[in-house]
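Student: One letter stands for each residue in the lines below.
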Amino acid sequence: MRGGAEKVVGDPSPVHSKQVRRRRAVLAVLVGLSLILLTAYFGEPSTSPLHTVQRGIVEVFSPIQEGASKVFSPIRDVGNWFSDTIHAKSRADQLQKKVNALQAELGQAQAAETPNRQLSREVRLDQTDNISSYSPVTANVIWQDPTLWYQQIEVDKGSDDGVHLDDAVLGDGALVGKVSEVGPTFSIVSLITNHTVQVAAQVADRNGDRGLLVPKVGDPNSLVLQDLPQLSPGQPGPEVNQQVLTAGFKSGGLGSLYPRGILIGTISNAGANALYNSQQVQVSPAADLRHLQVVQVLTRAQGSTVRAQLP
Amino acid sequence: MRTDYTKLALRLALLGFGTVIVQQAAVSQISIFGVSADLGPLVVMAVGLLAGSMTGAVMGFATGLLLDFALFQTLGVTSLLYIAIGYWSGRVRELLDPAHGLVPLAMGAAASAAAGFGMALIQFLLGVDAPVSVLLLQQIFVTILVNTLIALPVYALVRRIIGPVLPDEPRRRRRRAYTTGGLSPLQRPAERFGPLPRSPLR
Chain G
1 MRGGAEKVVG
11 DPSPVHSKQV
21 RRRRAVLAVL
31 VGLSLILLTA
41 YFGEPSTSPL
51 HTVQRGIVEV
61 FSPIQEGASK
71 VFSPIRDVGN
81 WFSDTIHAKS
91 RADQLQKKVN
101 ALQAELGQAQ
111 AAETPNRQLS
121 REVRLDQTDN
131 ISSYSPVTAN
141 VIWQDPTLWY
151 QQIEVDKGSD
161 DGVHLDDAVL
171 GDGALVGKVS
181 EVGPTFSIVS
191 LITNHTVQVA
201 AQVADRNGDR
211 GLLVPKVGDP
221 NSLVLQDLPQ
231 LSPGQPGPEV
241 NQQVLTAGFK
251 SGGLGSLYPR
261 GILIGTISNA
271 GANALYNSQQ
281 VQVSPAADLR
291 HLQVVQVLTR
301 AQGSTVRAQL
311 P
Chain P
1 MRTDYTKLAL
11 RLALLGFGTV
21 IVQQAAVSQI
31 SIFGVSADLG
41 PLVVMAVGLL
51 AGSMTGAVMG
61 FATGLLLDFA
71 LFQTLGVTSL
81 LYIAIGYWSG
91 RVRELLDPAH
101 GLVPLAMGAA
111 ASAAAGFGMA
121 LIQFLLGVDA
131 PVSVLLLQQI
141 FVTILVNTLI
151 ALPVYALVRR
161 IIGPVLPDEP
171 RRRRRRAYTT
181 GGLSPLQRPA
191 ERFGPLPRSP
201 LR
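Protein chains in written order, with our numbering: chain G, 1 to 311; chain P, 1 to 202.
Same shape as in the complex, but just chain G (with noise of 0.2 Å):
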């Protein structure tokens, strides 16, 4: 009887044998069928058919996660007052010394508005490159990336409110990224965390200093500004807390996709190593890119045809 049994477990009979191919089968063609889709993807321009069917599910999502936002509303805010409780004392320690930075720059800004008005007048400097000439497009975060490397968001505006490909997304008064995706409903926005966004910065300090910034993969609190100007030495370079804005240019029907003086965040490391011989300082994003709720899209108002990025 004994015997008998050990036969049958080592002996397998033809069902078990059929379902264990079955099972290889099913695994095999699933694996296979995720490659192909992947390598199909990888390797196609934004107006294939792949990306075209992954349009229209996002549009027929669009509305439902629109709806699931506003009835989780209740649990999300719940949840983040927990976490908010949490780290309330150390961010209200830093609020402060920044509320204190900023007032000491708001004091200088202040005192060079004025003489800044009376010579741009003066010398006619084209203006028409702000952030009020863009039409902004207010729009609720419908969903966040639920993945580690803050890549994007989904907002509820798209080209019927007037918002293209590669406009500039702000939130919290500073800019947070570019859409990458538009519906005629909804817009897939590329966070400045994504690795494939990079932005033509300079530094707010008396050299006005230019480079490319970067994001710091897996960190949405850190962006690299690289590709600096060679300081020699003894040269003051950027210093901690200064503030990183657009760079921004226009020449003739080319135009940088950000508007220039968007604020984007704040220098927050400027070792001598890292900024003499790498040309690269630290930059800690003025928006909390993991707690956005309200963005602003800034369409192209005024008419620019042709548009590069800088490095």
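Among these hints, one or two may not hold up.
Facing chain G, according to a computed beta carbon distance under 8 Å, are these residues of chain P, among others [said to hold, decoys possible]:
(1) Tyr5
(2) Thr6
(3) Ala9
(4) Ala25
(5) Ala26
(6) Asp38
(7) Gly76
(8) Ile83
(9) His100
(10) Leu102
(11) Asp129
(12) Thr148
(13) Leu149
(14) Val154
(15) Leu157
Honestly, the hints are just simulated from the structure, not real lab data. Here a beta-carbon is modelled for each residue, glycine too, at the ideal position from N, C-alpha and C.
With chain G fixed as given, assemble chain P onto it according to the hints.
Tutor: Just chain P now, kept in the frame of chain G:
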């Protein structure tokens, strides 16, 4: 039997759809220790553990693909990871049939680790042009911790949703009948079946 499978498929479809919606609309926007919980691997792991490797793999593929579509990500990345999670959770059930109550906790941690590190690996293979922060590693570990904490409630919820239509339930009942005489330990066997027959080999 066909009705059971149809019911199971329907419930799994609703479960996958609900998971994606809840994850995007609520869970991803709640920060715990600086990260958000990730329901996807936990739900797929629970389905694999309850329904077996084949169902787990199919559920992983479908949920992952839905997430890729909805998040506007490269198609096939999440589904590839979730297939592995669903399949191996099911294999653990089929090979070991673990009965301990804390198994979903350990499996939840393993599934979250596979999802976190697997996603990082695939992203690097696809090409990352920017510097990478060490914080990413720290955040993966914190996410595993947070997911481990919620693994048991998620497993219980999934079992509640798909448990009644699982085709394996009769087999489990038969196994219980073999080991306990088909009765709860609170009942006395002799009252229903009379004396239990003894094996002649003992």
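Student: All hints are to be evaluated individually against the structure, with a verdict given for each.
Tutor: Status of the hints after comparison with the structure:
{"no.": "1", "hint": "Tyr5", "in the structure": "violated (14 Å)"}
{"no.": "2", "hint": "Thr6", "in the structure": "violated (18 Å)"}
{"no.": "3", "hint": "Ala9", "in the structure": "violated (14 Å)"}
{"no.": "4", "hint": "Ala25", "in the structure": "holds (4 Å)"}
{"no.": "5", "hint": "Ala26", "in the structure": "holds (4 Å)"}
{"no.": "6", "hint": "Asp38", "in the structure": "holds (6 Å)"}
{"no.": "7", "hint": "Gly76", "in the structure": "holds (3 Å)"}
{"no.": "8", "hint": "Ile83", "in the structure": "holds (5 Å)"}
{"no.": "9", "hint": "His100", "in the structure": "violated (24 Å)"}
{"no.": "10", "hint": "Leu102", "in the structure": "violated (25 Å)"}
{"no.": "11", "hint": "Asp129", "in the structure": "holds (6 Å)"}
{"no.": "12", "hint": "Thr148", "in the structure": "violated (16 Å)"}
{"no.": "13", "hint": "Leu149", "in the structure": "violated (14 Å)"}
{"no.": "14", "hint": "Val154", "in the structure": "violated (15 Å)"}
{"no.": "15", "hint": "Leu157", "in the structure": "violated (15 Å)"}
The earlier numbered hints that this structure contradicts are 1, 2, 3, 9, 10, 12, 13, 14 and 15.
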